[in-house]
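Starting from the known structure of chain A, arrange chain B on it as the hints suggest.
Residue numbers (the UniProt record's numbering), protein chains in the order written: chain A, 1 to 201; chain B, 1 to 201.
Each pair may be met inside one copy or between any two copies, as identical chains are not told apart.
Taking lysine-lysine pairs in the DSS-like style, the calculated list, with each CA pair at most 30 Å apart, reads:
hint, residue 1, residue 2
1, Lys93, Lys142
2, Lys141, Lys93
3, Lys49, Lys35
Hints are computed from structural coordinates only; laboratory data are not their basis.
What you are looking at is a predicted structure, and each value in this text was computed from that prediction instead of being measured.
2 protein chains.
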Amino acid sequence: MQRRTTPDTGRRSEASRRAILDAAFALAGEVGYAKLSIEGIAARAGVGKQTIYRWWPSKGAVLFDAVLSLTEGREGAEGMALPDTGDLEADLKLVLRATVDEFADPAYDRPLRALSIEITNDPALAALYAERLEGPMNELKKARLRAAQEAGQLPADLDLDVAVDLIWSPLLSRWLHRSGPLTHAYADAVVETALRGIYAR
Amino acid sequence: MQRRTTPDTGRRSEASRRAILDAAFALAGEVGYAKLSIEGIAARAGVGKQTIYRWWPSKGAVLFDAVLSLTEGREGAEGMALPDTGDLEADLKLVLRATVDEFADPAYDRPLRALSIEITNDPALAALYAERLEGPMNELKKARLRAAQEAGQLPADLDLDVAVDLIWSPLLSRWLHRSGPLTHAYADAVVETALRGIYAR
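With the rest of the complex left out, here is chain A:
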């Protein structure tokens, strides 16, 4: 975003930016992405359309920043760390159950689904998403697995990227393609099978 020279204008700009992002996220949840429009976001945020177009080229770009600001709002990476009680399996189940709950909530499902479609469609947005959102999230996931490695609970030569995909992809795929029920029981089964393996289950 652009910053002006006087503090007052800067504060007003920041307030407008915040209002626009909140409006975009809320509207995407209420009306869905197809009916989301710059006009609608502007009306909801109480700003002019040109204010939005000054900072973002498209509704997809606004929504992207709105989703990004969800994580930024939670006091940085510190506040976002995965739980670590020492029991990896229990901690992962807690996290995946929370993801199931999030996907079941229309206020999250719709904006996140819209963002996923944009990313699937647009390699440039996918790269930006990987760099600014998925990358940092994956680092948090890998940090939790690394702690388990250091505690001797996971092999030292584990490929952490593959492990993260194995744990988190089934929920993502099932959610996107609506290919089966997304329940806490499913989240638990995924964690158990990923950790112990299909051979051993």
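What follows is chain B alone, placed relative to chain A:
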């Protein structure tokens, strides 16, 4: 599709249907889904627009049937069975490497990506896809795992749906969100880790 009473008309209809599906798949691969149009499909197939609209309500519906006809063309479920050499790990690697190759080919990547977006967006289409394409594909995958169960290579109480998701979701997610390199080495690592588990890897 509608069928007329005389055999001649039936044959002509079938030829038109085939030409429309081939044109839709090829065009989606060449120009991408955003630029795919009923007009373009009609021109490529050598039929009138109204012929397409008689059978399909939208370009998404045409593309759906085009992807579906890919599998129907391969002499039914018999011809589609997963390889079974008795070595489950080797067989799964072969299948996942072939999927990696398919995703890397623009002629497949673009139509399949477009279809995935439609499914993500449209619950009704997702249900149809689950019933007519993903369901039958999953049955083939589960049949291979069941054979391994019967050979005593997998536990009798294995949840086959969870196992299928664990093996196939990582590739799907990585492809859709372009979140990392999709290589044969990655396919191999996913199979190995899914079978043996993150604990054991």
